[in-house]
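**Student:** Line by line, the protein sequences are chains U and P. Take any residue in the first sequence, count from 1 to its spot, add 445: that is its number in this note's numbering. Take any residue in the second sequence, count from 1 to its spot, add 867: that is its number in this note's numbering.
FYI, nobody ran anything at the bench for these hints, they're computed from the structure. Virtual Cβ for every residue (Gly too), placed ideally from N, Cα, C. Check each hint, because a few of them may be wrong.
No farther apart than 27 Å at their CA atoms in a straight line, the calculated lysine-lysine pairs in the DSSO-like style are these [stated by the list, open to error]:
(1) U:627 - P:875
(2) U:627 - P:1263
(3) P:1263 - P:1235
Partial selection, computed: residues in chain P whose CB lies under 10 Å from chain U [said to hold, decoys possible]:
(4) 887
(5) 893
(6) 905
(7) 909
(8) 914
(9) 922
(10) 963
(11) 971
(12) 989
(13) 1013
(14) 1092
(15) 1114
(16) 1162
(17) 1232
(18) 1233
(19) 1306
Where chain U lies over chain P, by a calculated footprint (3+ residues, C-beta under 8 Å) [to be verified]:
(20) 973-979
(21) 1258-1269
(22) 1276-1286
(23) 1311-1321
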Amino acid sequence: MQPVTRIVGTAAPLDRSDVDTDQIIPASWLKRVERTGFGIGLFSAWRENDPDFVLNRPEFGGAKILIAGPNFGIGSSREHAVWALTDFGFEAVVSPRFGDIFRNNATKTGLVPVVVSEEFGEALLRAVEHDPTLEIMIDVAEGWISAPSVGLESEFTLDEFTRHRLLEGLDDIGLSLRHVDKISAYETGRPAWMPSVDPD
Amino acid sequence: MSKTLSEKLWERHLVHEAPGDQDLLYIDMHLVHEVTSPQAFDGLRLANRPVRRPDLTLATADHNVPTIHIDRPIADPVSATQLRALDTNCAAFGIELYPLAHPNQGIVHVIGPELGLTMPGMTVVCGDSHTSTHGAFGALAFGIGTSEVEHVMATQCLPQIRPRTMAITVDGDLQPGVTAKDVILAIIGMIGTGGGIGHIIEYRGSVIRALSMEGRMTICNMSIEAGAKAGMIAPDDTTFAYVEGRKYAPRGVLWERALDDWRTLPTDSAAEFARDVALDGSAIRPHVSWGTNPGQVVPIDGAVPSPESFDDAGAREVAARALTYMGLVPGTPMREIAVDTVFIGSCTNSRIEDLRLAADVVAGRTVKPNVRAMVVPGSMMVRAQAEVEGLDRIFKDAGFEWRAAGCSMCLGMNADKLRAGERCASTSNRNFEGRQGPGGRTHLVSPAVAAATAIAGTFATPSELG
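With the rest of the complex left out, here is chain P:
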């Protein structure tokens, strides 16, 4: 019988299925961080349960770590306590941990792939919704809550309801200056924040095939912003070339066996999806969000929409509320909106390719006076690589702050926050109210637009910089 990629992975990982039960899936890799794990470890202690497979578990500190002065004690005592809990818990349960300042430390969804711990055909979970990122490799990867973190620790399995399948096909060729971030923002703008609920999305088509692994990770990362359980892309030669030679990638005969296996994973030609969505990639323009959810986006050539322009009464109300929060007037061209802050970072856009792209835009230019601009590499390995390439100098010479790795201003858990009313062009994934700091105003953009906006002071693409 013909099957989709996600159906093949689901069936491969079934440990138990029975009427009246949820499917019990085996988990190949469990990534752990400081924020969603302490209560799970406490649960294990209460029930006197060990971690079943510490060798399939890796922890790092990312959400709540400072990105400056990482060699000094953490100033916030509550954050320090949470990071200490991760140290203690990992030591007690035998889990490998990359703590703050370790050369392998970084955002979980950046370090998994760069270490070769994310590969095609795997199931990957983490107590973080952006675990969908790993689906870029043809893995089945999804975010879980703390009770499920504890469940995986205790059993290496998870009971799950089988999601429906959904294909999003992006054909054509991207115009110059249009990136993976613009593609996923256009998709979320089209299907909405609830459009993917209950589904696993498989991204297909010539635009997706032409993307690098970094670009594919950006796309899959924001699947959750469309409400999807997971996002996936079939593995191909681009995937294999990225994985080969990484720390945990198989070698020799095992590599050949893995390749043979991975080539059987893509969706069969006769397989059908429960839902099909198509976009013309050639028509996608650089996107900017204007509201307080990631479905509220326009092309950068556009203007702030009027709430009256929406058909649905609910959407009109949501738009009006968002505009009030964002301090925007309908009809204002996006290019005339000035920003206070530019943030290049997050699990969506903090990989080496993102930093190269942004550095290329700012090289020889200067950040607009009074704009605070910062680059937060996704991992210490990305940071080290960027420094080898001299990207740090380019950013610093242009007036950017160059930070250490972490989630940073994407969610404002550490000291990197927007102040109330501040407006930010951000390469992150969520423009929710207060996401980057109470009262902060977030506009989601690609690294190229973020870099150009830092120079121009208003939303801009690289091609229009003088």
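Chain U extracted, bound-state conformation:
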């Protein structure tokens, strides 16, 4: 994962709540065994069926930040949803509430989930709709999101572990393996009734 400290760019406003991962990347794309190339599948049903869908509008081309309504990324655990967003060019998603699994998945790939209040999210959405060229800054180190030209700014929280990992671009498997002695010690104390799978 590449370190991510600061994101500066324009945003695309997705004024919908309850955007589930089936919409972000429909199931037909999930047959692929690769981790790349999912950008063309991003919101493919909405992009195909609605010419006015935000990602079809040229004024929002090149946006690095997606601003959505509450409950973004609910539903299926498919990490392909995150891969589709990053492959398309998004570096952060702003929403008042994320599905837990989506949020975890996002931080593993360096897509920053920015949780804001409903009021701030709504204000930012309207500001971006009004001015697609509005520049937004996300400071991962300080936990701030702002659109200085319209006077909008807000803090957002990330747990310390996730922030550190994003800032340093760390492989979290490597971080867990630092505790391999503790893992081995734990394994010696597991109850004997716990199942293990036998070869057929």
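Assemble chain P onto chain U, guided by the hints.
**Tutor:** This is chain P only, laid out in the frame that chain U set:
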């Protein structure tokens, strides 16, 4: 100090905790399937890491498998490649795999419990959001993404943020004809699709205690549809009776030791939850979803709501959009809505009890002409058991298709899909746009309502069939 069930399990599985770190939890069982694992295996190869505990890992093929002609080569070359990748990866990393057509193959959340690999007090994860199903046993079980799948493979652990606790208490007695599916749809209708985000739900109360394990699995399965990290039910004699004697269940002295341990798991009487929600179980009616998220439900006696009936501007907009997609007019009684397809299956409702219930409704009756009705058992073991009981004959005689095991039309990854505009009464868990096929319209219902609807052609309960 008094603790809840989920707090006890969390603390038992802590391998490492420190300020500034996430809690590192040990994972007792990792279930793997073909769709969310190939990129995780590739990650292991790139970093030259082995699977730490192949003996705590089990794979099966479920999401992307055909449910007919399973003895023939898979027609879709992309699906075939993905299933081949699972074969190759499991062989290379020493993981036991139940492939297509194996007698133990089936939906991961059906086979884990039926093999006795899901037991109280365990942590269970899988790269599938419906892993919450296993919480029905008093296990801490949650869905994970592919990076986390790789993490568990490499370390048998996962760093996690500790969720908050939430109690949902359903007291009273269910009315005849009301099932576990109706209870969970009523709960999601009440707390919404985001109501459980950041929480582990513990389902409690007389209604939950009276449910079978199949019913409890249906409830916990859809915890994710309320946004919850996990759903759990305290283990009791119903749980122990289900587990005892299964392939991987402990025996003899180990069984006794396990029972002693499991009896200490339920939430202490003085323990407090961060959030408490209560429902009157006696008032719950059979439910049908009308919209495009699982919180958009009404009792079957109700009608399609008008967007204006919602207080919140956001909800009004979501409802209007959903009605357009679903092709529904506000005010239409649910019982007057005709369906094209009936799907009985999915990790929510494809277990033997679900099939018995549905078969009981359709026995001696005929599926309405022009309705396509199919039953997809959750596992090959469920299918075999149903055939021993003659349920397959009952379904086929009534006009249902009788299929092999898999996720099938729940997510439309294989050939079992709705066509655009088709309306389906489905026992699955998600009515998202396009979930069962591009342009398809899904209504979530219980197996009893699905079976009755297949006969009536419009939404119906068994009691009103002639």
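**Student:** Against the structure shown, which of the earlier numbered hints fail to hold, in ascending order?
**Tutor:** Violated: hints 2, 17, 18, 20, 21 and 23.
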